[in-house]
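**Q** Position chain V against the provided structure of chain G, taking the given hints into account.
Okay, here's what each chain looks like letter by letter:
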Amino acid sequence: MSVAVPCNECPSYYTILVNTGFSDDSKSLEKNLERQIMEMRELLTIELRVGEAFELLFDVYRECSETNWDGYSASPITWNTFREALQLIRLLPSFFPLPEILAEPDGSIGFEWRKGQRLIFVISVEGKHKINYAGIFGSNKVHGSEYFGEMLPSVIIENLRRLFYR
Amino acid sequence: MDQIKPEEYLTRYIFHKGHFSITQKRPKYVVFMPSPHGETSVFCISNLSDNEIWNIGDREVAQKRGLPLLGRADILAFHVFNKNLKLIPDNCPPRHANIVNWPTEKSEKKLIAIELAESSQLHLK
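Protein sequence lines correspond, in order, to chains G and V.
Residue numbers for the first sequence follow my numbering, so the first one is 1 and each next one is one higher.
Residue numbers for the second sequence follow my numbering, so the first one is 1 and each next one is one higher.
This is chain V alone, in the form it adopts within the complex:
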């Protein structure tokens, strides 16, 4: 995976119960907020079955972190590019990429994260 195209789907795995609303069936904005290192870790899930997507989350993320996987937020890469963010694939593990180029101002990051959450779909495990 050298480059991610706008029409490809990404997922952000969720490990915290406060990061999604079961009643409203939506992820909350904090799901997409960058880590203290300035990046949001995602996986490219194009051409994968639902089972394969969950398996990656379990095997590559949940087990390594020792946290139970609760859900995921799927989003079209187009929405990420549309906010002037960049997607840097590192394939470590395979299909992994980071959303980078976040603005420095915290309130602007928040606004972008809200918009990404509004454009994404929640899937619960």
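For reference, chain G alone in the conformation it holds in the complex:
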């Protein structure tokens, strides 16, 4: 069994700050951090990239929201699945490239990162608070599923690090 834990070193595109401290220092620290995050959000490149991902996601939803969209009796993408995929994009750490977004035959929305031949990691959501993932890293392979709630499961971040930074 594994547990989803927040990755504090990995700010997402839309981090929401939660400060449980009461002291002046704590408040000051919160304001400082908030300002830095705002500055980061204002970086045009990041905004453009995330905006583009949202548009792609919506295109996929629009094109695949009716049965048999692939010609092989595929199930439609539901609104719940679309919303969960949107949440996932918001939580993706900003230092990873944005994935390719695609529809799967069972109505899931898949996200694919590929660095080269046999270097690939894919995840999918289906509106049921669950992420299914699979990846090939040369001769090593992984697959599994994780609960998906407020945070991106650490195993997903770990596998993306494995793909891009090792």
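Take the hints with a grain of salt, since some may be wrong.
As the list claims (entries may be wrong) - In the EDC-like style, the derived pairs of lysine to aspartate or glutamate whose C-alpha atoms are separated by at most 20 Å in a straight line are: (1) Lys-17(V) to Glu-52(G); (2) Lys-141(G) to Glu-115(V); (3) Lys-17(V) to Asp-74(V); (4) Lys-17(V) to Glu-146(G); (5) Lys-64(V) to Glu-66(G); (6) Lys-25(V) to Asp-50(V); (7) Lys-17(V) to Asp-106(G).
Claimed, not checked - What follows is a set of in silico ranges between Cβ atoms, one per label pair, in the way DEER data are often shown: (8) Pro-68(V) to Thr-67(G): 12 to 20 Å; (9) Gln-87(G) to Pro-94(V): 41 to 49 Å; (10) Pro-103(V) to Trp-79(G): 48 to 56 Å.
As the list claims (entries may be wrong) - Heads up, incomplete: computed chain G residues facing chain V, CB under 10 Å, no partners named: (11) Ser-23; (12) Glu-63; (13) Trp-69; (14) Tyr-72; (15) Ser-75; (16) Leu-102; (17) Gly-107; (18) Ser-108; (19) Tyr-133; (20) Lys-141; (21) His-143; (22) Gly-144.
Hint data in this document are derived by calculation from the structure and do not stem from the laboratory.
Glycine included, each C-beta is placed from N, C-alpha and C at the ideal position.
**A** Relative to the frame of chain G, chain V by itself:
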């Protein structure tokens, strides 16, 4: 066609533009993911010319589904057998078969589909 041998070639016709990468010239894993009925529909294309392969796709699949045929992913049957999957020919239409015996776990299906896509070749219409 009673039985498909490992050395024979299969093709999976593609009707969705998001299922292949033009820049990387490769099909994506979703091309091989099984349908909600648990099977991946393919055609055996051994000893057929390129034109004949496209004609089957147009005549037997695209026209019947009312969707434009965009491309196809060719793969050696060996790779399918190598993943403990089965190929069941039904010859309806001729040369048609289904890849079955997919694992029940979704993430495992995904992993197999990735490997099949990595072993296949994209052809665009």
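**Q** Look at each hint and say if it fits the structure.
**A** Tested hints:
no., hint, verdict
1, Lys-17(V) to Glu-52(G), "holds, 18 Å"
2, Lys-141(G) to Glu-115(V), "holds, 10 Å"
3, Lys-17(V) to Asp-74(V), "holds, 17 Å"
4, Lys-17(V) to Glu-146(G), "violated, 29 Å"
5, Lys-64(V) to Glu-66(G), "holds, 18 Å"
6, Lys-25(V) to Asp-50(V), "holds, 18 Å"
7, Lys-17(V) to Asp-106(G), "holds, 17 Å"
8, Pro-68(V) to Thr-67(G): 12 to 20 Å, "holds, 18 Å"
9, Gln-87(G) to Pro-94(V): 41 to 49 Å, "holds, 47 Å"
10, Pro-103(V) to Trp-79(G): 48 to 56 Å, "violated, 29 Å"
11, Ser-23, "violated, 45 Å"
12, Glu-63, "holds, 8 Å"
13, Trp-69, "holds, 7 Å"
14, Tyr-72, "holds, 5 Å"
15, Ser-75, "holds, 5 Å"
16, Leu-102, "holds, 5 Å"
17, Gly-107, "holds, 8 Å"
18, Ser-108, "holds, 8 Å"
19, Tyr-133, "holds, 6 Å"
20, Lys-141, "holds, 6 Å"
21, His-143, "holds, 4 Å"
22, Gly-144, "holds, 5 Å"
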